[in-house]
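Listed below, chain by chain, are the residues.
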Amino acid sequence: MRHELPQPPEPASKTWHPATTESRTARYVLIGIALVFLALFLLLPLISVFYEAFRKGPAAYLAAFADHDALAAIRLTLLVAVIAVPLNLVFGVVAAWTIAKFEFKGKAFLTTLIDLPFSVSPVISGLVYVLLFSSHSALGPWLKSQGIEILFAVPGIVLATVFVTFPFVARELIPLMQEQGTTDEEAALSLGANGWQTFWRVTLPNIKWGLLYGVLLCNARAMGEFGAVSVVSGHIRGLTNTMPLQVEILYNEFNSVAAFAVASLLALLALVTLVLKTLLELRYGAELAANGGH
Amino acid sequence: MTLGFTLAYLTLIVLIPLAGLVWRSASLGWGGMWHVATDQRTLNALKISFGTSFVAALINVVFGVIVAWVLVRYRFPGRRIIDAIVDLPFALPTAVAGIALTALYSKNGWIGRWLDPLGIKVAFTPIGITIALIFIGLPFVVRTVQPVMEEIRKEVEEAAATLGATRFQTITRVLLPGLTPAILTGFALAFARAVGEYGSVIFIAGNLPYISEIAPLLIVIRLEEFDYTGATAIAAIMLIISFTMLFIINLIQAWSRRRYGYAT
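Chains as they are written, first to last, in my numbering: chain A, 1 to 294; chain B, 1001 to 1264.
Since the hints were derived computationally from the structure, they do not count as laboratory data. One should not assume that every hint holds.
Pairs of lysine-lysine, BS3-like flavour, derived with a Cα cap of 30 Å [claimed, not checked]:
{"hint": "1", "chain 1": "B", "residue 1": "1047", "chain 2": "B", "residue 2": "1107"}
{"hint": "2", "chain 1": "B", "residue 1": "1047", "chain 2": "A", "residue 2": "56"}
{"hint": "3", "chain 1": "B", "residue 1": "1047", "chain 2": "B", "residue 2": "1121"}
{"hint": "4", "chain 1": "A", "residue 1": "277", "chain 2": "A", "residue 2": "208"}
{"hint": "5", "chain 1": "B", "residue 1": "1154", "chain 2": "A", "residue 2": "56"}
{"hint": "6", "chain 1": "A", "residue 1": "101", "chain 2": "A", "residue 2": "277"}
The shape of chain A in the complex, shown without the other chains (with noise of 0.2 Å):
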């Protein structure tokens, strides 16, 4: 029940407004500026993939995935998602439980170094395993003998997507377990629960919705990476081509309508990214609320 309170009077003119405020004119132009801002800068680009996709209607846009290229370019990028993603979230789960629940010297340099290679170049990236493994290297010729191909293989990719995405679980995970404190686990242990017990039915409960947060940015920039993966993968047609460098190098044929179709699928899983990153927000915001952005 809201009490009738008394109306304050009339203001003495139409652009009176409360002093912690600006005034109407002046929240209208800002409001202006930030959308156009944000439609010139964002919203256009997206659309046009959309619109340069389908330029030449649906029968041609659909036919840049009957190309082999395309279909095997497409797997490729989900074969090392799969790859690349369960292995970062396993890392980050263990960093997030080391870093929160234990006390240790370091710690803080460990979080740097987790987040180290969120300040690298992607290219750079993908750089120091070329230096790694190339002929010229010192492991090159051994793994040549050996019969073992990294590098402008799968396994390069892999490797230089697994590096670009270290952080995204880990760093999601390690503010919302240090809020969480370890009282939980110390109930359960006490209860009688052994180790596993309870990071199974306790501790991964309490974390469910961050590490899903993580997986999704992890995953989305997994599929997407292009910079590292461009360096190590050799572009081998068919082989070693992920859709964003299936992408490019349609561009760069000149094949737009086929470059923007396989973009298009990229866009769209940037959008069922973005649709789910903000439901889970909204919903479990509290929960996710000890990580501050990016």
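Given the structure of chain A, go ahead and fit chain B onto it with the hints provided.
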């Protein structure tokens, strides 16, 4: 045991490869590095990368702060959707952004066709590079500044207003100083990301040596020429500058924690 696993995985995936880069650049020596760094093409690429990144980060600070302010302070239809869309550059693969921006700003594109008669060429010039870097950098500024704006207590503004400050004075003299550390951090993050950016830039840049060739692309070109030494040297220079940036970000955050009692 979990610490062991964490360290082992971190070492294998991140530290050993990065150490390889450091070791290789160290074996070049200062002389070798200097030789690559002072090559005119490298110098121009670094100038273009850092110059366009700086301009893009500045533009992002101006518009990012306005966007954050509008999202935090005003209620209007579609606000939630707009808020979600700000993260688009995080989610959209860079190559997709790159070809989309090129399509928009080329001579026949939706935006390019309006600029072309005015004599403004965007695609295949440094302006195009800047546009791509604005795209990928924007969320860094908004998402750094937004949470700090949400924390501002209304009482501060009320006090300023009661003491006779105009709204403009309240914003510029009371609110902005408190937001400065967050804005600086957002700027640094957007700048650092822009310097290393590759995918969204190479399509719109045109990649003319000395004119619109960015440093990450020059690394790729050197690699394709099997000039691993040249590639490593440019990468090392970029890394040194990036880590200096990172260090500055940490200093800003430590300073703001002392001065304002919160971290950005």
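Comparing the hints with the structure gives:
1. 1047(B) - 1107(B): holds (26 Å)
2. 1047(B) - 56(A): Status violated; Cα separation ~41 Å.
3. 1047(B) - 1121(B): holds (20 Å)
4. 277(A) - 208(A): This hinted pair holds, its Cα atoms lying about 14 Å apart.
5. 1154(B) - 56(A): It is violated: about 54 Å lies between the C-alpha atoms, which goes past 30 Å.
6. 101(A) - 277(A): Measuring from Cα to Cα gives roughly 27 Å; hence the hint holds.
Hint check: violations occur at hints 2 and 5; the rest are consistent with the structure.
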